[in-house]
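Undergrad: So the chains spell out like this:
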Amino acid sequence: MDMALDALSWISIVAGLFFMLVGTLGVLRLPDIYTRLHAAGMTDTMGAGFLILGMVLQTVQGILHGESTWWFVLFRLVLIYVFLLFTSPIASHALARAGLAGGVAPWTAPGDGDE
Amino acid sequence: MTETMVQLVDVVLLVLLAITGIAVIRTRNLFVAVMLAGIYSLLSAGLFVVMDAVDVAFTEAAVGAGISTVLMLGTLALVGYKESAPTHKPILPLFVVLVTGGILVYGTAEIPPFGGADNPAHKHVAAHYIHDSEEEIGHIPNVVTSVLGSYRGYDTMGETAVIFTAMVGVLLLLSRGPLPKRIFHAGQWHTVKAGTTREDMVAKFGGDAGPDETVKDGPARTEGGADG
Amino acid sequence: MISFTLFNYWAVIVLMMVGFYTLISRDNLVKKLIGLNIFQTSVIMMYVSIGKITGGTAPILMESGDHGGEVAVDAGHAAVEVLYSNPIPHVLMLTAIVVGVATLALGLSLVVRINEAYGTIEEDEIARKDNAR
Amino acid sequence: MDDRVILRIGTKILSPFILIFALYVQFHGDYGPGGGFQAGVIFAAAFVLYALVFGLGNAIKVMPPKVAYICGAMGVVIYLGVGYLSMFRGGEFLNYSYLFDPEHDPTHGQHYGIIGIELGVLVTVFGVMVALFYAFAGRRRIDT
Numbered sequence: 001m002d003m004a005l006d007a008l009s010w011i012s013i014v015a016g017l018f019f020m021l022v023g024t025l026g027v028l029r030l031p032d033i034y035t036r037l038h039a040a041g042m043t044d045t046m047g048a049g050f051l052i053l054g055m056v057l058q059t060v061q062g063i064l065h066g067e068s069t070w071w072f073v074l075f076r077l078v079l080i081y082v083f084l085l086f087t088s089p090i091a092s093h094a095l096a097r098a099g100l101a102g103g104v105a106p107w108t109a110p111g112d113g114d115e
Numbered sequence: 001m002t003e004t005m006v007q008l009v010d011v012v013l014l015v016l017l018a019i020t021g022i023a024v025i026r027t028r029n030l031f032v033a034v035m036l037a038g039i040y041s042l043l044s045a046g047l048f049v050v051m052d053a054v055d056v057a058f059t060e061a062a063v064g065a066g067i068s069t070v071l072m073l074g075t076l077a078l079v080g081y082k083e084s085a086p087t088h089k090p091i092l093p094l095f096v097v098l099v100t101g102g103i104l105v106y107g108t109a110e111i112p113p114f115g116g117a118d119n120p121a122h123k124h125v126a127a128h129y130i131h132d133s134e135e136e137i138g139h140i141p142n143v144v145t146s147v148l149g150s151y152r153g154y155d156t157m158g159e160t161a162v163i164f165t166a167m168v169g170v171l172l173l174l175s176r177g178p179l180p181k182r183i184f185h186a187g188q189w190h191t192v193k194a195g196t197t198r199e200d201m202v203a204k205f206g207g208d209a210g211p212d213e214t215v216k217d218g219p220a221r222t223e224g225g226a227d228g
Numbered sequence: 001m002i003s004f005t006l007f008n009y010w011a012v013i014v015l016m017m018v019g020f021y022t023l024i025s026r027d028n029l030v031k032k033l034i035g036l037n038i039f040q041t042s043v044i045m046m047y048v049s050i051g052k053i054t055g056g057t058a059p060i061l062m063e064s065g066d067h068g069g070e071v072a073v074d075a076g077h078a079a080v081e082v083l084y085s086n087p088i089p090h091v092l093m094l095t096a097i098v099v100g101v102a103t104l105a106l107g108l109s110l111v112v113r114i115n116e117a118y119g120t121i122e123e124d125e126i127a128r129k130d131n132a133r
Numbered sequence: 001m002d003d004r005v006i007l008r009i010g011t012k013i014l015s016p017f018i019l020i021f022a023l024y025v026q027f028h029g030d031y032g033p034g035g036g037f038q039a040g041v042i043f044a045a046a047f048v049l050y051a052l053v054f055g056l057g058n059a060i061k062v063m064p065p066k067v068a069y070i071c072g073a074m075g076v077v078i079y080l081g082v083g084y085l086s087m088f089r090g091g092e093f094l095n096y097s098y099l100f101d102p103e104h105d106p107t108h109g110q111h112y113g114i115i116g117i118e119l120g121v122l123v124t125v126f127g128v129m130v131a132l133f134y135a136f137a138g139r140r141r142i143d144t
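Residue numbers (our numbering), protein chains in the order written: chain B, 1 to 115; chain A, 1 to 228; chain G, 1 to 133; chain Z, 1 to 144.
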């Protein structure tokens, strides 16, 4: 049981790091603000989500070992994820709107769309 | 094992901080520079967590990365985003910086090793605060709070007064204050007559439509902040 | 680690000098203030690294088993002494950060006023306009 | 009304939680990281967010600048008040042990004294940060 929880937790932490890495690469490599926002948004939901899942599993392990105060840690982690679910899309939306209001035209592939 | 990892994180954060700082020097878009300053603050907050200063990290993240950035963006909405090309050769400042840095590094030879538990800095009152605060102040586990509030209450009082004074200063400078006596516009100086309001000057020379517009779209008006 | 004993101080000095260079070599007043900010943050880092104790933990006292930290881990040997980092630099720097944002706000408001009077925030241009008056 | 539905609804959902988090930081400051400075900044951040989304005019209706100025001054008064109170109770300035009777447990007074001065710090920092934001955001720009 312990081993399984630990392994699961590490797998999800590594998955979170992977998504973070992909998101970062996207921010660096993609051509304009909107596509970059797409990558950054994935970092927030998938990357941070998996990282928090890994931490939750570690906390569950602690609780199974009789650490009663770790319930608070679990509660806080869940709260953090809930707030991330709210703030991340809203921030991305605000940034995209600001870009549009600032007159940044969305990037299109050369020879695609505009003739 | 854990200490090595802590040192590794420490080194990575310091390198990232150095990169951010150099990027601030190199960029000529002030909007980008302000954003990088915010990143710098956030990274240094991470460094403070690594160095066990959780309260400092919290403050730096809230104040340095939050409010400072907002204030600087508010300023940029009023003064514009472009920095002109440097006019001087960077040799003299570089020389000054290298000499100062060299002297400081030379001075570190006398500093006791980083992280030593027997360093003189930990020998004076710090041990007293940690061991006796529970008894003297009561059940306040966060030693920083009890030192800040009780042992060094005078410091905090003066500091509260300082930020209040800063507010008074900023309000004197910015809130509907008198206009400057002369305004430089379209290549020459204009004398501002007494009794002219800010609205008159905006009508005469042009400017923003009103406070609402300044806030709403102010920071968004760069070219997406994208420069490379 | 390769002589880690002083590396931290050296790195912080490098950061300090980056801020100092921005402060003295740029003409733009906002850029100067950003440099000042970097300089100040680096000074704070210097103080905090003086307060760090290797193997220590944040100066928040914990009772055994209550917070599930070091003590709980070392529950095997009961009265293990927890090593706390030095809280004094933290307290001093806490106030320094807030005072720092206050001075930054004051400096920025001066920049706004200078821009209103001169129409520029570049130092050499301000000097030129002053001479052309 | 404008069409920024997501931003408006999101701000309305998040603002109360930001305020509650600020109070949590304030009153949990004795047990974990946090305290008056951080709580004041977070409290002010809620109003800054409101002003950014709904415009400065609406934010001024919610939180008039005068209230911010008074808060900035009030906090210092609260701080000094706690100091003078302990002085009038027979101790030194800011010696909270005397806040209650001398026979009373002095740590009790210390605890309440720290809560009092942290409240003063919270109020000052909150007022000052909101006032600074208003000062910068409410400035009209003259083209030169």
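Don't read these hints as lab results, they were simulated from the structure.
Mixed in with the good hints, there may be bad ones.
Unchecked claim - Cβ-Cβ distance ranges computed for the label pairs, FRET-style:
no.: 1; chain 1: A; residue 1: Glu135; chain 2: B; residue 2: Thr35; range: 51 to 61 angstroms
no.: 2; chain 1: B; residue 1: Ile63; chain 2: A; residue 2: Pro86; range: 40 to 50 angstroms
no.: 3; chain 1: B; residue 1: Arg97; chain 2: A; residue 2: Leu92; range: 40 to 50 angstroms
no.: 4; chain 1: B; residue 1: Thr35; chain 2: G; residue 2: Glu123; range: 50 to 60 angstroms
no.: 5; chain 1: G; residue 1: Asp124; chain 2: Z; residue 2: Phe17; range: 40 to 50 angstroms
no.: 6; chain 1: Z; residue 1: Gly57; chain 2: A; residue 2: Lys82; range: 22 to 32 angstroms
no.: 7; chain 1: B; residue 1: Ile63; chain 2: A; residue 2: Lys82; range: 49 to 59 angstroms
no.: 8; chain 1: Z; residue 1: Glu103; chain 2: A; residue 2: His124; range: 25 to 35 angstroms
no.: 9; chain 1: A; residue 1: Glu136; chain 2: G; residue 2: Thr57; range: 41 to 51 angstroms
no.: 10; chain 1: B; residue 1: Pro110; chain 2: Z; residue 2: Leu19; range: 41 to 51 angstroms
no.: 11; chain 1: G; residue 1: Thr5; chain 2: Z; residue 2: Val62; range: 36 to 46 angstroms
no.: 12; chain 1: A; residue 1: Val12; chain 2: B; residue 2: Asp32; range: 53 to 63 angstroms
no.: 13; chain 1: Z; residue 1: Gly81; chain 2: B; residue 2: Val27; range: 14 to 24 angstroms
Glycine is no exception: its CB is placed at the ideal position from the N, C-alpha and C atoms.
Undergrad: Run every hint past the structure and note whether it holds.
TA: Hint-by-hint comparison with the structure:
1. A/Glu135 - B/Thr35: 51 to 61 angstroms: holds, 60 angstroms
2. B/Ile63 - A/Pro86: 40 to 50 angstroms: violated, 59 angstroms
3. B/Arg97 - A/Leu92: 40 to 50 angstroms: holds, 45 angstroms
4. B/Thr35 - G/Glu123: 50 to 60 angstroms: Roughly 39 angstroms apart at Cβ, these two residues miss the hinted range, so it is violated.
5. G/Asp124 - Z/Phe17: 40 to 50 angstroms: holds, 48 angstroms
6. Z/Gly57 - A/Lys82: 22 to 32 angstroms: With a Cβ separation near 29 angstroms, glycine 57 of chain Z and lysine 82 of chain A satisfy 22 to 32 angstroms, so the hint holds.
7. B/Ile63 - A/Lys82: 49 to 59 angstroms: Holds - the Cβ-Cβ distance for isoleucine 63 of chain B and lysine 82 of chain A, about 56 angstroms, lies within 49 to 59 angstroms.
8. Z/Glu103 - A/His124: 25 to 35 angstroms: Cβ of glutamate 103 of chain Z to Cβ of histidine 124 of chain A: about 33 angstroms, so the range 25 to 35 angstroms holds.
9. A/Glu136 - G/Thr57: 41 to 51 angstroms: About 22 angstroms separates the Cβ atoms of glutamate 136 of chain A and threonine 57 of chain G, which means 41 to 51 angstroms is violated.
10. B/Pro110 - Z/Leu19: 41 to 51 angstroms: holds, 49 angstroms
11. G/Thr5 - Z/Val62: 36 to 46 angstroms: Taking Cβ atoms as reference, threonine 5 of chain G and valine 62 of chain Z lie about 54 angstroms apart, which means the hint is violated.
12. A/Val12 - B/Asp32: 53 to 63 angstroms: violated, 29 angstroms
13. Z/Gly81 - B/Val27: 14 to 24 angstroms: violated, 50 angstroms
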